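Given the coordinates of chain E, assemble chain B onto it according to the supplied hints.
So the sequence lines, in the order shown, correspond to chains E and B.
Read in order, the letters of the first sequence correspond to residues 1 to 341 in the numbering used here.
Read in order, the letters of the second sequence correspond to residues 1001 to 1286 in the numbering used here.
It is worth saying that the hints were derived from the structure and are not from the lab.
All of these numbers come straight from a predicted model, not from anything done at the bench.
Built from N, CA and C at the ideal position, the CB exists for glycine as well.
Some hints could be false.
Claimed, not checked - Listed next, the stretches of chain E that the computed footprint assigns to chain B, with coverage defined by at least 3 CB atoms under 8 Å from CB atoms of chain B:
| id | stretch |
| --- | --- |
| 1 | 133-146 |
| 2 | 266-276 |
As the list claims (entries may be wrong) - Beta-carbon label-pair distances, calculated as ranges:
| id | chain 1 | residue 1 | chain 2 | residue 2 | range |
| --- | --- | --- | --- | --- | --- |
| 3 | B | Y1085 | E | G226 | 32 to 42 Å |
| 4 | E | Q306 | B | T1079 | 23 to 33 Å |
| 5 | B | G1086 | E | L108 | 26 to 36 Å |
| 6 | B | G1086 | E | S17 | 15 to 25 Å |
| 7 | E | G160 | B | G1112 | 56 to 66 Å |
Stated by the list, open to error - In silico lysine to any residue, SDA-like type, Cα no more than 25 Å apart, as pairs:
| id | chain 1 | residue 1 | chain 2 | residue 2 |
| --- | --- | --- | --- | --- |
| 8 | E | K100 | E | I321 |
| 9 | B | K1218 | E | L150 |
| 10 | B | K1082 | E | L150 |
| 11 | B | K1082 | E | D162 |
| 12 | B | K1082 | E | K294 |
| 13 | E | K153 | B | I1183 |
| 14 | B | K1253 | B | D1212 |
| 15 | E | K153 | B | K1122 |
| 16 | B | K1218 | E | G264 |
| 17 | B | K1218 | E | R216 |
| 18 | E | K294 | B | Y1109 |
| 19 | B | K1218 | E | F265 |
| 20 | B | K1218 | E | G256 |
| 21 | B | K1218 | E | F310 |
| 22 | B | K1218 | E | G163 |
| 23 | B | K1218 | E | D261 |
| 24 | E | K153 | B | I1247 |
| 25 | B | K1122 | B | K1159 |
| 26 | B | K1082 | B | D1258 |
| 27 | E | K153 | B | V1267 |
| 28 | E | K294 | E | F265 |
| 29 | B | K1218 | E | Q306 |
| 30 | B | K1218 | E | D162 |
| 31 | E | K153 | B | D1212 |
| 32 | B | K1218 | B | K1122 |
| 33 | B | K1122 | B | D1212 |
| 34 | E | K100 | E | A161 |
| 35 | E | K294 | B | Y1255 |
| 36 | B | K1253 | E | K205 |
| 37 | E | K153 | B | Q1115 |
| 38 | E | K205 | E | R216 |
| 39 | B | K1082 | E | F48 |
| 40 | B | K1159 | B | L1235 |
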Amino acid sequence: MKSAIPVQPAASSGASSLAADVRAVGRRWSRWQPVEVVFWVAALAVCFIQTDNFLLLNEMAILGLFAVSLDLILGYTGIVSLGHAAFFGLGAYTAALLAKHFNMDPVLGLVISCALSAFVGLVTSVLVMRGSDLTRLMVTLGVASILHELANKMSWLTGGADGMTGVPEVPLFGHIEFDIFGRVAYSYSIVTLFVLFILARAIVKSPFGMSLQVIRQNPLRAAAMGVPVNLRRTSVYTLSAAYAGVAGALLAQTTGFASLDVLGFDRSADVLLMVMIGGAGYLYGGIIGAVVFKFMQNWVADITPQYWEFWIGLLLVVIVIVGHERLVRPWTWFRRGGGKA
Amino acid sequence: MLTILFDGIAYGMLLFVLASGLAITLGLMNFVNLAHGAFAMVGGYVTVLAMSRLNVPFLCALPLAFLASAVLGAILERTLYKRVYGQSDLNQVLFSIGLTFMAVATVDYFMGSTQQFVTLPKWLQGRSEIAGVGVGYYRLFVILVCVALVVALQLILTKTRFGSRLRASVDDPRAASGLGININLVFLGTFAFGSGLAGLGGALGADMLGLDPIFPLKFMVYFLVVVAVGGTTSLTGPLLASLLLGIADVAGKYYIPDFGAFIIYGVMIITLMWRPQGLFVRAGGK
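In isolation and in its complexed conformation, chain E is listed as follows (with noise of 0.2 Å):
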């Protein structure tokens, strides 16, 4: 990357003291705020509090990081993927096959789940460099639908549409147990979240970062800024997929199932709503939208268990009719020619 911040010797005063003010826009850009240092704490703080909602907190935390993931080709990136649950998927069965055969420690199998889905998303990275964004949505959803087709017709090992069963609770390290109450699995999928979030977010606030921006902002001037378009979609499309397969492999471990619907295009469509709800572009937007996402699902859960579909439907129109800016600023909505919240 040649551009944003020059890296050879300043030849006069001038370069040199713009390259100090382009570190101090960027120091300042990538700092971290109260908000987000509370929010962590606490986040980790709850693994040591008394609470019976252990299960569903794990399941939030595996679906922020899913979301997380998405966000990082969506939301910096611009790229439109409609099959996102394939290395979701991918993760997931790769977990619960290593536990399964080899009882292998949910670290070491989170680490292969990882490099097998990023594999993966590099291999099917060149599908997502061509052509416009239709073709991207429907090259992802052929990528999610050949998966799950292949999860399917090769029952002998995953067991079909019946989904993957006696996949053995591991304990972590070798002697921490998988308590029932979910509170090992939520600290150990929080503390893995954590740790994959702040290296995303270091990634986002570096000038590679930056240049992804760029990128989805508009590709042309991007590569005419000499920034290497496809190079950089490439490793954040692998990134992503990484990601996305630790997310899947937390799932598949904690609760000690894997089944079709880990790579159902219902789940990259749910995905696709969380990075909604949040809003796209600044990473916890992905978490809200999980939280927010499986408190709903929960509430909805209560009232009528059958037709969830249908309020996911309304959300998501509901959202694009309406616009997220406008409906995250609930007092923007009786001023007359709104729109501009």
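Below, chain B alone, put in the same frame as chain E:
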């Protein structure tokens, strides 16, 4: 062998009727309408209900399905779709997925999740051998109806005033509206007509494709493949694409049943990689 070809053609024709509306709306309004299958489903259910509850004969139920879907399409276009035209692809996709989910859940709520069946009239049941080819009467009927539709569509598109307005709007909406063509009206008409066609396709296909609440999701990929392979600028492209897809799918399911489903996705991905704008694209379009 020829029987498979025949079945494949019937299947492909059906896909064309189902997907042509999507091709036109995509080409005209640049709108990614993933909810297209929902209109087809509505058509199918209207047929089933009309025939079982009101004893409407099959041949009268078909136009009814067309009308119902077209009216529904027109209402939704005016109330919801027109707000989403200018928005990003992502929003359009989310919006139409949302609509699809709502349609699926609504139909599930009112009709149950079991598969619905259409009782075909006597003269459409059965099959006979013609020169060694097993010809199902219903499939023959479907092919005939679809051929008639293709011819009619082509004539409308090339010979009528509406057709030339439509083509002008597809090629360049701004110039077209500058010439005094009421784009909104063209949009509305086309959307309703496309939805109607989907409804008709759903009604015709209820017997061959099966009809249950997840119909729109099950066949979404098929419609997208037709549009992706065929392009959106003419009728010939989608027609050839549907025929190819229909024959490939039927043959695949017959000869290598284990890999039948992979063929569709494989064909789609390869085509999109090879020719991102579709196989049969007219040069020099927009």
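So, going through the hints one by one against the coordinates:
| no. | hint | result |
| --- | --- | --- |
| 1 | 133-146 | holds (count 11) |
| 2 | 266-276 | holds (count 4) |
| 3 | Y1085/B to G226/E: 32 to 42 Å | holds (36 Å) |
| 4 | Q306/E to T1079/B: 23 to 33 Å | holds (27 Å) |
| 5 | G1086/B to L108/E: 26 to 36 Å | violated (50 Å) |
| 6 | G1086/B to S17/E: 15 to 25 Å | violated (43 Å) |
| 7 | G160/E to G1112/B: 56 to 66 Å | violated (26 Å) |
| 8 | K100/E to I321/E | violated (46 Å) |
| 9 | K1218/B to L150/E | holds (17 Å) |
| 10 | K1082/B to L150/E | violated (39 Å) |
| 11 | K1082/B to D162/E | violated (42 Å) |
| 12 | K1082/B to K294/E | violated (31 Å) |
| 13 | K153/E to I1183/B | violated (48 Å) |
| 14 | K1253/B to D1212/B | holds (21 Å) |
| 15 | K153/E to K1122/B | violated (38 Å) |
| 16 | K1218/B to G264/E | holds (12 Å) |
| 17 | K1218/B to R216/E | violated (32 Å) |
| 18 | K294/E to Y1109/B | holds (23 Å) |
| 19 | K1218/B to F265/E | holds (10 Å) |
| 20 | K1218/B to G256/E | violated (29 Å) |
| 21 | K1218/B to F310/E | holds (17 Å) |
| 22 | K1218/B to G163/E | holds (20 Å) |
| 23 | K1218/B to D261/E | holds (15 Å) |
| 24 | K153/E to I1247/B | holds (23 Å) |
| 25 | K1122/B to K1159/B | violated (38 Å) |
| 26 | K1082/B to D1258/B | violated (43 Å) |
| 27 | K153/E to V1267/B | holds (19 Å) |
| 28 | K294/E to F265/E | holds (18 Å) |
| 29 | K1218/B to Q306/E | holds (20 Å) |
| 30 | K1218/B to D162/E | holds (19 Å) |
| 31 | K153/E to D1212/B | holds (23 Å) |
| 32 | K1218/B to K1122/B | violated (29 Å) |
| 33 | K1122/B to D1212/B | holds (24 Å) |
| 34 | K100/E to A161/E | holds (18 Å) |
| 35 | K294/E to Y1255/B | violated (44 Å) |
| 36 | K1253/B to K205/E | violated (50 Å) |
| 37 | K153/E to Q1115/B | holds (23 Å) |
| 38 | K205/E to R216/E | holds (15 Å) |
| 39 | K1082/B to F48/E | violated (51 Å) |
| 40 | K1159/B to L1235/B | holds (14 Å) |
Figure legend: structure checked against the earlier numbered hints; hints not met, in rising order: 5, 6, 7, 8, 10, 11, 12, 13, 15, 17, 20, 25, 26, 32, 35, 36 and 39.
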